[in-house]
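Visitor: For reference, the chains in residue letters:
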Amino acid sequence: MKIRTIGRHTREGFKNLFRNGWMTFAAVSAVAVTLFILGGAMILSLNVQNISVNIESQLQVNAYVSSSYPQKHLSTLEASLRSLPGVRSVSFISKDQALKKMEKLLQSNADLLNGIGNPLPDEFVLQAKDPHQTAMIANEVRLTPGIDKVQYGQSVIGKLFTVTTAIRDAAVVFIIALLVMGIFLISNTIKITIFTRRREIEIMKLVGATDGFIRGPFFVEGTLMGLFGAVLPLAALYVLYRWLVQSVPLFPPFSLLPWASVLDKVVITLIACGVFIGIWGSVISMRKFLRV
Amino acid sequence: MIEMQDVWKEYANGVSALSAVSVSIKQGEFVYVVGPSGAGKSTFIKLMYREERPTRGSIFVGGFNIERLRERQIPVMRRHIGVVFQDYKLLQKMTVAENVAFALEVIEVSRRTIHKRVTEVLELVGLSEKAHMFPRQLSGGEQQRVGVARALVNKPSVIIADEPTGNLDPENSWSILKLFERVNDRGTTIVMATHNREIVNAAKKRVLAIEAGRIMRDQERGEYGYED
Ligand SMILES: Nc1ncnc2c1ncn2[C@@H]1O[C@H](COP(=O)(O)OP(=O)(O)OP(=O)(O)O)[C@@H](O)[C@H]1O
Ligand SMILES: [Mg+2]
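Read top to bottom, the protein sequences are chains A and B. Residue 47 in this note's numbering is what sits at position 47 of the first sequence, and the numbering runs on without skipping anything. Residue 49 in this note's numbering is what sits at position 49 of the second sequence, and the numbering runs on without skipping anything.
It should be emphasised that the hints constitute simulated quantities derived from the structure, not laboratory data. One or more of the hints may lead you astray.
[Said to hold, decoys possible] Result set (DSSO-like, lysine-lysine): computed pairs, CA atoms no more than 27 Å apart in a straight line: (1) B:Lys116 - A:Lys191; (2) B:Lys26 - B:Lys205; (3) A:Lys2 - B:Lys205; (4) A:Lys2 - B:Lys116.
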């Protein structure tokens, strides 16, 4: 194919977009609506994932040292906790630090603590490498000599994991269902577009055009429709998301990701899907009309 | 130029449209194909550029063995044959000039050449003024002249036309005919199926009469010869 022919296909592709006015509009809208929902679902699932990682990373095991444990061996105890499998970090909060924290918390009522000395124990705070192992680590810690009591929010953990995995699975299923639906919708729209052009394709073949030559402008047109169909929902999602981030008050760990950190994934996915759907829809679904 | 040897055509539904047709047409001839409705004229024409394929027999047009062509060669063959259709077959989304240019774009000539040739041909058919109008904005006669311009623009050595004046009034029919005669004077072969008695009788050209799928008459300086 000569360069001038590529130029010709590009010009024709652009012209066709306008000359097929409402057909183009229908196809672009179908792509845009599908990709809008897809992009929305992606942003939602990225955020759910982020929030669940936030929550999980805040899971910790509080291990209280028994009051009879000799102070000078605390570092040995810390080392043995640190060496437990699956432990990421261990930090120490002395009973004095704990008391200060408590006083700060009680503020004006701090005098309640007067005269009872310091009832608080020394405490180690452990974090698991994998949040799912928190319960297991807690059991190990409980068996360590010198540890009196262990807390890790047993009841919350189980529920949290069920909820986060359920949300993630649902998001995946939702996105796949959507893609299938979208492709069906778009292929039908484009088939109708092509069907109305059946006569044109026949004429072109009778005048001596090769299949490749006829496909050229369709290829350009499909690519352009896919691009428009991706750019529109991207713009809409951007505006909507920025508004959400600014106007919905949320507190950690429930925070929304900044647009910049969802940007690359969403932009790449939407544009790739758009262009793929556009080209696939235009070129593949016209094949059967080329047999003249 | 055009050779048909013992050609038979039976359509998929069992209708036998042509039987044992053998014809030879030389370069530069002007041939009218006449006959009653349903006789097989359109079938005869369509076989020549492979819109339909014969059940049996061989067909040669301008050096192409139509039946032995590979799929890839079909477009190449069609570029060497100018076809004019009764229903014009213009691309509705393209302007007059673009419709004509299309036949040149497929052979990838330069835009300069395309512009030059399209201007020439549109002048020849008298449509220079309407180059940028769309087919639906033209009269039937004008649309058919666009069809003729498109068939001519490649300078094919043969023009094949199926009732090119079938939808036109006498005046427009004559103007199409005049065009064909001018092209024929330059040595282009013309094969034209028609029901137009006045034209055939006035022209005194070779006449092929087809009836019920068979060639019943093949006459130099012939007459139309039917009372329809
Ligand atoms: N695609 C087709 N499928 C089946 N039969 C067909 C087809 N095209 C034509 N025929 C039949 O073949 C026969 C010849 O048809 P053809 O169109 O060649 O006639 P014609 O001489 O051009 O007639 P007219 O003068 O009315 O145009 C007719 O009986 C017609 O019904
Ligand atoms: Mg006919």
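Visitor: None of the hints should be skipped; say for each whether it holds.
Guide: Taking the hints in turn, this is what the structure says about them:
1. B:Lys116 - A:Lys191: violated, 37 Å
2. B:Lys26 - B:Lys205: Judged against 27 Å, a Cα distance of about 13 Å means the pair holds.
3. A:Lys2 - B:Lys205: violated, 43 Å
4. A:Lys2 - B:Lys116: At roughly 20 Å apart (the allowed maximum being 27 Å), B:Lys116 and A:Lys2 satisfy the hint.
When the structure is compared with the earlier hints, violations turn up for hints 1, 3 and for no others.
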